[in-house]
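Protein chains: 2
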Amino acid sequence: MSTSASTTTAPTRFLETNGQRYAYRRFGKRSARPLLCLQHFTGTLDNWDPAVTDALAVEREVILFDNAGIGGSSGDVPQTMAGMTKHVLAFLDGLRLTTCDVLGFSLGGVLAQQMAQDRPSIVRRMILVGTAPRGGEDIMHLDKPSLAKHLQDPSNRGYGVLQKIFFAPTTTSQAAGEAFIGRLMQRKEDRDPASGPNVASAQIAAFREWERFTGERFADLKSIRHPTFVVQGVHDEMIPVRNSYWLAENLPNAVLLVYPDAGHGSLFQYHDSFTRHAAAFLTSDSDSAVF
Amino acid sequence: MSTSASTTTAPTRFLETNGQRYAYRRFGKRSARPLLCLQHFTGTLDNWDPAVTDALAVEREVILFDNAGIGGSSGDVPQTMAGMTKHVLAFLDGLRLTTCDVLGFSLGGVLAQQMAQDRPSIVRRMILVGTAPRGGEDIMHLDKPSLAKHLQDPSNRGYGVLQKIFFAPTTTSQAAGEAFIGRLMQRKEDRDPASGPNVASAQIAAFREWERFTGERFADLKSIRHPTFVVQGVHDEMIPVRNSYWLAENLPNAVLLVYPDAGHGSLFQYHDSFTRHAAAFLTSDSDSAVF
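Residue numbers (my numbering), protein chains in the order written: chain A, 1 to 291; chain B, 1 to 291.
Hints in this document: simulated from the structure, not taken from any laboratory.
Be a bit skeptical, because a hint or two may be false.
Copies of the same chain look alike in the list, so a pair counts if it fits in one copy or across any two.
To be verified - DSSO-like cross-link-like pairs, simulated, lysine-lysine; straight-line CA separation at most 30 Å: (1) 164 x 222; (2) 164 x 29; (3) 164 x 188; (4) 222 x 188; (5) 86 x 164; (6) 149 x 86; (7) 222 x 149; (8) 222 x 29; (9) 144 x 29; (10) 86 x 222; (11) 144 x 188; (12) 149 x 29; (13) 164 x 144; (14) 149 x 164.
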């Protein structure tokens, strides 16, 4: 694999395993332990910001992944996070990877937590951006007014809606959103098909299930000992920042970073800062999350 | 001034102004804009951890300061944060400093906020560690069981009590506390007199006043535009972490970092990490707090 490939140029590859086909892209500096990037609600391989994934690929291999039923991957989108996580593990098994670091954004951050619980050995360190623990609150309620006004506005199409809902309603954050959309559009060929309403409805069902908990709230986080870096924008309307507070308060080994003047897409808005901190975190081989 | 001076060796100096004598120490790389360090409840010049202030002094001048009635400074300890802040400003005026960066820890972080409001031009960037906004909650209630059990234990004397109340009740955090106490004791000569009960009672009165607010809660933070770096340990019993959440949510230009397995003294426990992040923040000349 050429190390000159990037988020914009890496060819889409396919892994066939257990009767399932998974689409993925793989690029960056070859390393024994790649960084697996798990994507947000309805996001495909084409929703990764080159400013983030190319910067992280300078010192490690990056793998972008379409879960079942997304982009070029076959199958149906599971209606639970546990179901989606089974596909992540099957994909890694198919690649014969026994360990990786994980960058999970939003829905992807939920899957990262589930991976750490279901197969702790396969995760070394994880970065959870704009996500929530099981039993969190106000997770992806797209019908609430602050989100619905953008999602139901017919003048917002395609990537344009992401600028509205991933970024804060300030001049600075919206400008960062516009730049983000521009970067997503740098890839011209070999693009994924966009997700349809069936993807959205299955993933929303999974979020609803993730909001439920039994027993002591957040107790399941105590067993996740992996060094974890939790990141969120302080004005995230899609998954409010208090969900990251709960992650930091209940994961025993997590550093929390909260960005100002930013919404759900804080990692894209502050890509220079985010990738510098993320790289420092990933480079550490301490048992502690502190970097 | 010798740049070889350090937290452990810098002589105590005195500034006379307006009939008041202020004790201070000044060391590090000479710079146009020094870092003013504002100390915690009852803390003196001798409560600064060399691992923190020496590391920060590598690239900038550091000034440690005894407020009125503390250590070698004359006068009475004011019973309000505003009163203490007047002394900080008088001290800076006496040194003919028109601008500085501020590291405010705990009570010192309250004074930093008050400085930024009372004379915005004198503060460029500020780091607020283990502190709270006006109207915060559970700020320095030393009579609550989790703190009283240590403060009222006669076997805890002098610095020993700091290990208990500044660090989390885990083996790792307590070990970090023991190392911290060892570093505080490296300075053998020219030490400050310890604070007595009159200092504590005046400062506690000031904390009680700081918990009160009128009008819209936290609205006063909206006008503080200074780039701010908010840091806290997730298990801080003296000033719980939710106070830092409120700072990050209401200061318009603040990055929040929360450390795991740490209490009030997170900056001392994770001095390597803290000083690396603090130096990166202070070195930035961006209008944004993001670093």
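Status of each hint after checking the structure:
{"no.": "1", "hint": "164 x 222", "in the structure": "between (35 Å within a copy, 23 Å between copies)"}
{"no.": "2", "hint": "164 x 29", "in the structure": "neither (34 Å within a copy, 46 Å between copies)"}
{"no.": "3", "hint": "164 x 188", "in the structure": "within (23 Å within a copy, 59 Å between copies)"}
{"no.": "4", "hint": "222 x 188", "in the structure": "neither (44 Å within a copy, 43 Å between copies)"}
{"no.": "5", "hint": "86 x 164", "in the structure": "neither (32 Å within a copy, 44 Å between copies)"}
{"no.": "6", "hint": "149 x 86", "in the structure": "neither (35 Å within a copy, 48 Å between copies)"}
{"no.": "7", "hint": "222 x 149", "in the structure": "between (37 Å within a copy, 26 Å between copies)"}
{"no.": "8", "hint": "222 x 29", "in the structure": "neither (34 Å within a copy, 44 Å between copies)"}
{"no.": "9", "hint": "144 x 29", "in the structure": "neither (42 Å within a copy, 53 Å between copies)"}
{"no.": "10", "hint": "86 x 222", "in the structure": "within (22 Å within a copy, 45 Å between copies)"}
{"no.": "11", "hint": "144 x 188", "in the structure": "neither (34 Å within a copy, 62 Å between copies)"}
{"no.": "12", "hint": "149 x 29", "in the structure": "neither (42 Å within a copy, 53 Å between copies)"}
{"no.": "13", "hint": "164 x 144", "in the structure": "within (14 Å within a copy, 46 Å between copies)"}
{"no.": "14", "hint": "149 x 164", "in the structure": "within (10 Å within a copy, 51 Å between copies)"}
Of the numbered hints listed earlier, those contradicted by the structure are 2, 4, 5, 6, 8, 9, 11 and 12.
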